[in-house]
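K.L.:
Sequence:
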Amino acid sequence: MIRIDAHHHLWDLSRRSLPWMNGAWAAPIRRTWTERDLLPHLAAHDITATVVVQACHSTGETAELLALKESSRHIAAVVGWADLTAPGGPALPAGLAGVRHQVQDEADPAWLCRPDVRRGLAAVARAGLVYDLLVTPRELPAAVATAEALPELSFVLDHAAKPPVAAGEWEPWATGLRRLAALPNVSCKLSGLVTEADWGGWTKQQLLPYARHVLETFGPDRVLYGSDWPVCTLAAYYDEVAALAEEATAHLAPAERAAVFGGNAARVYGVAAPQRA
Numbered sequence: 010m011i012r013i014d015a016h017h018h019l020w021d022l023s024r025r026s027l028p029w030m031n032g033a034w035a036a037p038i039r040r041t042w043t044e045r046d047l048l049p050h051l052a053a054h055d056i057t058a059t060v061v062v063q064a065c066h067s068t069g070e071t072a073e074l075l076a077l078k079e080s081s082r083h084i085a086a087v088v089g090w091a092d093l094t095a096p097g098g099p100a101l102p103a104g105l106a107g108v109r110h111q112v113q114d115e116a117d118p119a120w121l122c123r124p125d126v127r128r129g130l131a132a133v134a135r136a137g138l139v140y141d142l143l144v145t146p147r148e149l150p151a152a153v154a155t156a157e158a159l160p161e162l163s164f165v166l167d168h169a170a171k172p173p174v175a176a177g178e179w180e181p182w183a184t185g186l187r188r189l190a191a192l193p194n195v196s197c198k199l200s201g202l203v204t205e206a207d208w209g210g211w212t213k214q215q216l217l218p219y220a221r222h223v224l225e226t227f228g229p230d231r232v233l234y235g236s237d238w239p240v241c242t243l244a245a246y247y248d249e250v251a252a253l254a255e256e257a258t259a260h261l262a263p264a265e266r267a268a269v270f271g272g273n274a275a276r277v278y279g280v281a282a283p284q285r286a
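Numbering-wise, our numbering comes out as the position in the sequence shown, counting from 1, plus 9.
Any given hint could be a false lead.
If you anchor each label on the Cβ, the simulated ranges turn out as follows [said to hold, decoys possible]:
1. T94 with A262: 41 to 51 Å
2. R221 with P263: 11 to 21 Å
3. T94 with R25: 14 to 24 Å
4. P218 with A53: 20 to 30 Å
5. E180 with D207: 14 to 24 Å
6. L48 with A252: 18 to 28 Å
7. P102 with G209: 37 to 47 Å
8. S80 with P218: 33 to 43 Å
Since the hints were made in silico from the structure, they are not lab data.
Don't be surprised by glycine CBs; every beta carbon is placed ideally from N, CA and C.
Using the sequences and the accompanying hints, generate a full structural model.
P.N.:
This is the structure we're talking about:
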C-alpha cells in the first residue's frame, strides 16, 4: 500500500517572506526548508508520496510548488493558493489538486460565508479540486455552513480545526468537529496537534483524546495522516508526530490503518506514487 504524508510545507525565505511567521516564537523555523531536508524523514517511515501545502497567499509560491512537483520523486499533489474573491473567479492552474486560504487569519469568523468566497469555492468544485479548510474552533460554524451549502465540493479539514490542547479544553471544538464530520463531503487530517499543545511539555496522554475524537467522528475512511512538517518541529520531531499517529490508530484493523496512512489521501487528492527515476 502507498504511504502518504498528506500535509507538509516547503518554503524559501530568499524568495518571499511569510507574514504569519512573525515574533520570536517562529525563530526555530524561520529559515528555508527544502525537499532535501524532508527526504530522510520520508525514508524512515516508508512514505512514498506527499502532499505539499501552500504557506502564503501567493500565486508565485503555488507556481513554484507545481514546478517542484514535476521534478520530485515524492511530491504527488499540490494544495496551492488562489484568490477565491477575484471578480472573474479564482485562477486555478493545471496540476493543482486543491486550494487553501488561511481562513484562521481573517478578521471575520464568517469569512467562508461571504458571497464572493462562496462563488470562488463553487469554481473550485467545478474544476474538480479539493478545498483545504484551515480554521480554528472560532471559524468552525462557518465551515459547517459552507460545507453544507456546497455538497459538490470535497473539503479537507486541516489540523482537526486546531483544538485547544494547551488549555485542556474540549468544547466547543468537539461538538463543532462532530457537526462537520456529519457531512459526507468533509475529510480530516490527523495533523498539527503537537503545536496546539505545550511545545515543551506535551504528552501523548494529553493529545490522544483529541486524535481519537477525530477518528471516532470522521471514521477511518475519512482521516488522512499528515506531519505538518516543518511547523511540527516547533514542538516535536517528525518521528514523534508519526509515532503519535501510529498509537492513535493502533486499535484499527490493518486495512483501516492503511487507509489513514495513505489510501484516503490517494482517493481524496488523486495521488499516485510518483514513478520518476
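K.L.:
Compare the structure with the hints numbered earlier in the document and write down the numbers of the violated ones, lowest to highest.
P.N.:
Of the numbered hints given earlier, the structure breaks none, since each of them holds.
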